[in-house]
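**Q** The lines below spell out each chain.
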Amino acid sequence: MAASTTASVLHARPQWPTLIGKISRFVFLGLCCIVTFAPVYYMVMISFRTQGDYLVGNKWVPTGPLSVDGYRTVIGAGFWKYFINSTVVTAGTVVLGIVVSVLCAYRIVLNRGRLGRAVFRYFLLGLAIPIQTLMVPVFIVVDRINLYDTLLALVLVGAAFAIPISSVLLVNFLRDVPHELIEAMRADGASDMKILWYLILPLSRPVLLMLVIYDGLQSWNNLLLPLVLTTSNGVKTLPLELFSFMQSFGVNVPAALAAVSLATLPTMVIFILGYRYVIASLGAGFSSGGAASILR
Amino acid sequence: MLSESSRTPGSAANATSRPAAGDARPAARRRKRRMPVSDYLNMAPAVLLYSFFIILPALVVLVLSFFSWNGTDTPKWVGLANWQFLLADGDAANSIAVTVKFTVVSWLLQTTIAMTAGVATAKSTRWAKALVPLLVVPMLLSTVGVAVLWQALLSPTFGGLSDLGTRLHLGFLASSNWLGNPQIVIYVIAVVVAWQNIPFHTLLYRAARQQVPGNLYDAALVDGASGAGQFFHVTLPQIRNTILTSSLLIVVGTFSYFDLVFLLTGGGPGTASTVLAVDAYKQAFAALNFGYSSTLAVMLVFVSVISGLLLMRLGGFSVESRRGGE
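Protein chains in written order, with numbering that gives the first Met the number 0: chain A, 0 to 295; chain B, 0 to 325.
Please keep in mind that the hints were generated in silico from the structure rather than gathered at the bench.
Backbone N, C-alpha and C define an ideal beta-carbon position, used for all residues, glycine too.
Don't take each hint at face value.
[Unchecked claim] With a straight-line cut-off of 30 Å between C-alpha atoms, the simulated DSSO-like cross-links for lysine-lysine are:
no.	chain 1	residue 1	chain 2	residue 2
1	A	193	A	80
2	B	281	A	21
3	B	281	A	235
4	B	281	B	128
5	B	100	B	281
[Stated by the list, open to error] Covered stretches of chain B, going by a simulated chain A footprint (3 or more residues, C-beta under 8 Å):
no.	segment
6	170-177
7	256-268
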């Protein structure tokens, strides 16, 4: 902080000194704002219009009265059921994925021997495998263990795909915990699980929050797994529902966009709540994770 | 703030971990004797889940690439026939060309815009307040959501863009069939993917630029460096690791990209936007060539791993030394 104060004193002129620089920066960032926001505005605005109004009127400015017809259609199509399915899958995936990753990462850090290193490398391998290349065999495996068309299958496979990135980021983070602290607690007679609970978990709260949000988003928005691993309406998740809206596209655009808006609402709320942590840990987690974050 | 404070002790712990290993070792041995199974017990759930649902399927893909299988009959061993076919397959050559084009354009687009926006907003609270919350929205939308939205925007008849073009009298906006024109379709998809991905990379670059010590710029200023000079001689070298991380994510992610291509065009029109992952998907689920589909998938993984490793090598970045080069 002190350094930047001196910097601002020294900088009698701004960072981009010329007027041209200032103007081009303004234009560029302004354009960024517009291009980022315009589609989102379009989505929300159209979702509140009737289909007739959408088809004939100005697309960018509402011409008729606003309506919630689109939302009514979406909710009538069973939105809440799919919402609950998605919630169950996401919660299950996040909890299972992170709990097993924490346990494993903790052991990898404690165990500085060959085993820990081997497991760590084994997980790094998984970061290089794109999920979409594994759909056929994942389907076969899930089918063989009689979990086809169940929410449990989505949870198990989703958690498995969350494990490599979660473990690697956690290991990178936990390595920074001073070993003296662990030794001190151990000297006081604390068991390994006690150390995990009272020392490691509170310390790793930022990275845990980030993982909850990252893994949660991945699971909440995942289309491919439900597409390949489920078929019946009873276990349909929201992305799949959006997908069927999309396939019947042209029929009802306002309703399709209302469905997208509704499905995005929960992630929005959660993100706003955890926003500070995510932005802060982006730097910590991802830039030090480096190669770790191949998976996307 | 948070990231800075966690980085500093990080480097300290890293620096001391080697000499400290000496006195940590007796403790480790004592621990091992005390609880020999707990290590395995704690690691087991993660390792098992991961092995069963990722490594096992990955091995199946690898094995299947040497078989011919239509999904119902018994798989038939064909040796390297799939691989030979791949080399001669005009469609695969097309997919590779499309994928490379897609990857290069995506990298250029995302890196230049994200870096510029990230660096330009790093020191300005006013712009950050306006831009950062906006950036978050595309990150939160699901890929299907992005596809639904952009299909509504790009549709040639009732699309938002053509409507805008008509109203502003911009002929190219009004009349372009964005997703139906084989000449441009892959670039249009690259723009949509960029719209979804740039925010994340902007935040990465922004965080990186904020961690560059201010006194480096003072020194550059004293040496008479202009704004551009500061950018090229201070900012770029200082954020090198972030450039690498971000490029790695983009290149590897785009090379195996599937979602938006599949959703927006399904690889069409014709094969104009058939990237490798879509090709592999079609080979499996439309043509029922599970063996050949696996061959494509294996190649996909190989190429993305190799390009990833190459990028890391080029940048002198290694997995073990997490903060190498700084």
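**Q** Now tell me if each hint is right for this structure.
**A** Evaluated hints:
For the hint pairing residue 193 of chain A with residue 80 of chain A, the CA-to-CA distance comes to about 40 Å; that exceeds 30 Å, so the pair is violated. Simply put, residue 281 of chain B and residue 21 of chain A have alpha-carbon atoms about 49 Å apart, too far for the 30 Å limit, and the pair is violated. The hinted pair formed by residue 281 of chain B and residue 235 of chain A meets the criterion: a straight-line CA distance of about 23 Å does not exceed 30 Å. The suggested pairing of residue 281 of chain B with residue 128 of chain B is violated, with an alpha-carbon distance near 44 Å, which exceeds 30 Å.
The suggested pairing of residue 100 of chain B with residue 281 of chain B holds, with an alpha-carbon distance near 20 Å, which does not exceed 30 Å. Look at the segment 170-177 of chain B against chain A: 0 of its residues bring a Cβ nearer than 8 Å to a Cβ of that chain, fewer than three, so the hint is violated. Under a criterion of three residues with beta carbons nearer than 8 Å to beta carbons of chain A, the stated coverage of the segment 256-268 of chain B is upheld, 3 such residues being counted.
Checked against the numbered hints given earlier, the structure breaks hints 1, 2, 4 and 6 and satisfies all the rest.
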